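Trainee: Each chain is listed here by its residues.
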Amino acid sequence: MNPAILVAAMAVTTALLRFIPFIAFRKNTPKYITYLGKVLPPAMIGLLVVFCLKDTSVTAYPFGIPELIAAVIVIGAQIWKRNAILSILAGTVVYMVLIQMVF
Amino acid sequence: MKKETIKQAFYKTIPVMAGYIVLGIGFGILLRNAGYGVLWAASMSLFIYAGSMQYVGVGLLTGGASVITTIITTIMVNARHLFYSISMVDKYKDAGKYKPYMIFALTDETYTLLCDGKAPEGTDPNLYRFLVSMFDQCYWVTGSIIGSIIGGVLPFSTMGIEFSMTALFIASFTEQWLTTKDHIPAMTGLLSTLLCLVVFGSENFLIPAMLLITLILTLLRKREEGETV
Numbered sequence: 001m002n003p004a005i006l007v008a009a010m011a012v013t014t015a016l017l018r019f020i021p022f023i024a025f026r027k028n029t030p031k032y033i034t035y036l037g038k039v040l041p042p043a044m045i046g047l048l049v050v051f052c053l054k055d056t057s058v059t060a061y062p063f064g065i066p067e068l069i070a071a072v073i074v075i076g077a078q079i080w081k082r083n084a085i086l087s088i089l090a091g092t093v094v095y096m097v098l099i100q101m102v103f
Numbered sequence: 001m002k003k004e005t006i007k008q009a010f011y012k013t014i015p016v017m018a019g020y021i022v023l024g025i026g027f028g029i030l031l032r033n034a035g036y037g038v039l040w041a042a043s044m045s046l047f048i049y050a051g052s053m054q055y056v057g058v059g060l061l062t063g064g065a066s067v068i069t070t071i072i073t074t075i076m077v078n079a080r081h082l083f084y085s086i087s088m089v090d091k092y093k094d095a096g097k098y099k100p101y102m103i104f105a106l107t108d109e110t111y112t113l114l115c116d117g118k119a120p121e122g123t124d125p126n127l128y129r130f131l132v133s134m135f136d137q138c139y140w141v142t143g144s145i146i147g148s149i150i151g152g153v154l155p156f157s158t159m160g161i162e163f164s165m166t167a168l169f170i171a172s173f174t175e176q177w178l179t180t181k182d183h184i185p186a187m188t189g190l191l192s193t194l195l196c197l198v199v200f201g202s203e204n205f206l207i208p209a210m211l212l213i214t215l216i217l218t219l220l221r222k223r224e225e226g227e228t229v
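In order, the protein sequences belong to chains X and W.
If you count the first sequence from 1, position 76 lands on 76 in this note's numbering, and the numbers rise without skipping.
If you count the second sequence from 1, position 72 lands on 72 in this note's numbering, and the numbers rise without skipping.
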């Protein structure tokens, strides 16, 4: 298949998924959708956390320990300073050091 | 106000910058090694603009997938974008001329930056959201082009830098937890997805997880309404 057509198919399908709800509810938003708009964000971020860690094995070395340590650092830093940039930087640096030098 | 809006929008996207540039580089390298050069990398990052889908897309291109397979795979990988859009319908209502681009550019990370709602004080909220979306895509496109041009590994080890995206989601999850009293939606998202990962495996858990989350949140709403009647 012509690769340009495949790229176009991916682009159009992705855009459709993003646009359909806006088109479907463009006039007035049903109460149910307003409700979902309120409760979905925390739920979807919870989903994304798991999605990012899906390939972390807890049964084989290093048993997800680097991820666990780095995650605890991100959570701790966020509770302490409430600054996302700082939390992300701290967690990422620790994670990189752990997987490159320790584990 | 415009200057303040640009400043605040840029500041908000800093956590995404490193991750998008490095993951973009990874994508550019992968695509180049598959035989598709810089124009392909730039076009895919400009027009598809969905990180994990573009990685999957490299496989579709080299594997000679059919159009139908490509469309079905895209729906499987990107179905979550339906949910992002559903939860932004109200927020983006009055975005006017910025709205089409903001909808197009609603990636995992941009959604995470913008779903908490309020734009900073002293900014134009619509321009702010538009710029956050645009800065993020700039990082992604830049990374893709760099990766495609260098076509090989970086001179220093970036192994593990992809954790910055995970860290972004964990930090947002924590922040949301600290600012809300009702933790049921957050726990629903986390535990439903975990359950589906265990039951369906890492290849097939996303769609069941989204269905389960929607089901539980819908049932919880009925219960809430039942209590108030």
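Since the hints were made in silico from the structure, they are not lab data.
Errors might be hidden in some of the hints.
Unchecked claim - Sample of chain X residues at the chain W side, in silico, Cβ under 7 Å:
#, residue
1, Leu6
2, Tyr95
3, Ile99
A quick note: this is a predicted structure, and the numbers were derived from the prediction, not measured.
For each residue, glycine too, the CB sits at the ideal point set by N, CA and C.
Trainee: Does each hint fit the structure? Answer for all of them.
Mentor: Consistency of the hints with the structure:
Taking 7 Å as the C-beta cut-off, the interface hint given for Leu6 of chain X holds, the closest approach to chain W being about 5 Å. About 4 Å separates the beta-carbon of Tyr95 of chain X from the nearest beta-carbon of chain W, less than 7 Å, and the hint is met. Interface hint status for Ile99 of chain X: upheld, as the beta-carbon distance to the closest one in chain W is roughly 5 Å, under 7 Å.
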